[in-house]
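Assemble the whole structure, with the sequences as input and the hints as a guide.
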Amino acid sequence: GAVVSQHPSRVICKSGTSVKIECRSLDFQATTMFWYRQFPKQSLMLMATSNEGSKATYEQGVEKDKFLINHASLTLSTLTVTSAHPEDSSFYICSAPGQGPWGTEAFFGQGTRLTVV
Amino acid sequence: AQSVTQLGSHVSVSEGALVLLRCNYSSSVPPYLFWYVQYPNQGLQLLLKYTTGATLVKGINGFEAEFKKSETSFHLTKPSAHMSDAAEYFCAVSERQAGTALIFGKGTTLSVSS
Chain A
36 GAVVSQHPSR
46 VICKSGTSVK
56 IECRSLDFQA
66 TTMFWYRQFP
76 KQSLMLMATS
86 NEGSKATYEQ
96 GVEKDKFLIN
106 HASLTLSTLT
116 VTSAHPEDSS
126 FYICSAPGQG
136 PWGTEAFFGQ
146 GTRLTVV
Chain B
26 AQSVTQLGSH
36 VSVSEGALVL
46 LRCNYSSSVP
56 PYLFWYVQYP
66 NQGLQLLLKY
76 TTGATLVKGI
86 NGFEAEFKKS
96 ETSFHLTKPS
106 AHMSDAAEYF
116 CAVSERQAGT
126 ALIFGKGTTL
136 SVSS
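From first to last, the protein sequence lines are chains A and B. According to the working numbering, the stretch in the first sequence is residues 36 to 152, in order. According to the working numbering, the stretch in the second sequence is residues 26 to 139, in order.
Honestly, the hints are just simulated from the structure, not real lab data. Glycine included, every Cβ here is placed at the ideal spot set by N, Cα and C. There's no promise every hint is true.
[Stated by the list, open to error] Incomplete in silico selection of chain B near chain A, CB under 8 Å: (1) Val54; (2) Pro55; (3) Gln67; (4) Gly68; (5) Thr76; (6) Phe88; (7) Phe129.
[Said to hold, decoys possible] Far from chain B, some chain A residues (derived; all Cβ distances over 10 Å): (8) Ser108; (9) Pro121; (10) Glu122.
Printed below as a string of structure tokens:
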């Protein structure tokens with residue numbers, strides 16, 4: 036298998052501040068990573084696809100200026116929630132597609148619980 | 026566009042009873058199919074997947090699922106529920122191409138009573 040590490044696991048921030056969430060592939064390279072958002076008692080919704088060395092691709096309805104994605108290396112993608120507001124409070128999860136024998140799988144980070152107060 | 030429907034947002038069973046969680050997909054070409062389990066405030070754990078080959082797939086923790094193309098279904102079953110099976114279960118699909126994003130169903134909460 037493969038390991039995807041996501042940090043922090045929990046963060047509480049004040050309204051108007053920015054929060055950065057990191058997603059690392061620990062033992063494999065990921066040219067693509069996916070960012071999902073999950074509201075309480077709801078499913079995971081794909082927010083954006085992070086591409087190493089190029090701009091992220093955002094799903095319809097996701098504000099790219101609010102959710103900044105940077106995929107600076109083959110093992111790290113970051114999601115920055117800018118000027119966070121209480122409605123941004125959610126569970127954010129990243130995933131990376133597997134390589135080789137695990138090419139049909141997606142490996143997920145542990146998730147980040149963001150609470151904006 | 027692909028979509029996934031999980032019938033029943035909440036399923037309750039007694040310990041030792043059969044677990045059946047339903048999943049239907051909508052796609053002109055059968056996609057890759059997955060079942061994930063999520064415990065509170067945690068990430069997702071892969072239970073099993075179907076990509077090709079045998080249509081009855083066995084996964085971890087005694088779960089299995091059967092791909093039925095004629096019914097566009099991939100229902101998850103476990104013969105005997107355990108208290109530790111109580112969690113949120115998600116069915117997901119992806120295109121038959123490595124490296125594509127998963128599309129998730131709305132999830133089914135499984136409750137197990139003693």
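Hints versus structure:
1. Annotation: interface hint on valine 54(B) violated; nearest CB of chain A at approximately 15 Å, more than 8 Å.
2. Proximity of proline 55(B) to chain A is violated relative to the hint, the smallest CB-CB distance being about 13 Å (cut-off 8 Å).
3. Hint status for glutamine 67(B): holds, given a least beta-carbon distance of 7 Å to chain A, under 8 Å.
4. Hint status for glycine 68(B) relative to chain A: holds, with the closest Cβ pair at about 4 Å, below 8 Å.
5. The criterion of a C-beta within 8 Å of any C-beta in chain A is met by threonine 76(B), whose closest approach is roughly 5 Å, and the hint holds.
6. At about 16 Å, the closest approach between the beta carbon of phenylalanine 88(B) and any beta carbon in chain A exceeds 8 Å, and the interface hint on this residue is violated.
7. Against a cut-off of 8 Å between C-beta atoms, the interface hint on phenylalanine 129(B) holds, since the closest Cβ of chain A lies about 5 Å away.
8. At the 10 Å boundary, the C-beta of serine 108(A) stays outside the reach of chain B, the nearest C-beta of that chain being 18 Å off.
9. Distance check for proline 121(A) against chain B: the nearest CB is about 19 Å away, which clears 10 Å, and the non-interface claim stands.
10. The claim that glutamate 122(A) is not at the interface with chain B holds, since no C-beta of that chain comes within 10 Å of its own (minimum 20 Å).
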